[in-house]
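When the letters of the sequence shown are read in order and numbered with UniProt numbering, they come out as residues 1 to 172.
Fair warning: there could be bad hints in the mix.
[Said to hold, decoys possible] Computed Cβ-Cβ distance ranges for the label pairs, DEER-style: (1) 137 - 62: 17 to 23 Å; (2) 138 - 18: 15 to 21 Å; (3) 160 - 137: 17 to 23 Å; (4) 142 - 46: 17 to 23 Å.
Please keep in mind that the hints were generated in silico from the structure rather than gathered at the bench.
The C-beta atom is built at its ideal place from N, Cα and C for all residues, glycine as well.
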Amino acid sequence: MSLGLTCIPMTSLPYLAGYSESLRTQALELLEAGELADRLRARYPDRHDVRSNKALQVYVQELKARHMKTSAPLGQVQFDDRLHVIHGALGLHTTSTRVQGAKLRKRRSIQVASLFKDTPPEFLRMIVVHELAHMKHGEHDRAFYRLCEHMEPEYHQLELDLRLFLTASEWA
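Assemble the whole structure, with the sequences as input and the hints as a guide.
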């Protein structure tokens with residue numbers, strides 16, 4: 001269904017693939033009119049101050065302490081230049097297990113794509129919440145999304161807006 005929109009094919013909206021056709025059509029119309037990026041900038045005018053790995057570590061630890069007090073400790077947290085949206089990774093959580101004497105030690109880490117150094121604070125928070133939720137729930141199931149919404153009540157709206165932001169950035 002083209003609706004007369006010929007500049008950008010519907011299949012060129014990979015970040016919106018899981019959304020309804022009507023939402024994708026609306027996004028496509030806004031893209032072609034040059035309004036999508038402006039609307040997102042108006043809705044999210046601020047940029048955060050979390051620019052270094054150390055600042056990111058503090059930011060993530062504060063969120064974890066506030067919402068996931070009883071979860072396992074978190075090791076390394078950093079921005080990662082190797083993560084890129086093309087490969088579908090905006091953030092990454094890893095768990096490694098080591099033997100120390102008679103005990104198994106798990107080390108958990110979070111990497112956040114470097115593109116989040118210069119985004120609205122809401123988008124950084126959404127990615128961090130997503131990766132923290134993976135520390136407790138490995139799959140994107142109902143319990144996972146409940147935890148995301150517990151940490152960020154606007155999680156689903158922010159996820160959609162981030163996908164629109166990535167789409168607008170790609171077509172700029």
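>> Can you tell me whether the CB distance of residue 137 to residue 62 sits inside 17 to 23 Å?
In response: 21 Å, holds
>> Assuming the hint says 15 to 21 Å, is it satisfied by the Cβ distance from residue 138 to residue 18 or not?
In response: 19 Å, holds
> If you check the beta carbons of residue 160 and residue 137, does the distance land in 17 to 23 Å?
Replying inline: 21 Å, holds
>> Can you tell me whether the CB distance of residue 142 to residue 46 sits inside 17 to 23 Å?
In response: Taking Cβ atoms as reference, residue 142 and residue 46 lie about 32 Å apart, which means the hint is violated.
When each numbered hint is compared with the structure, a violation occurs for hint 4 only.
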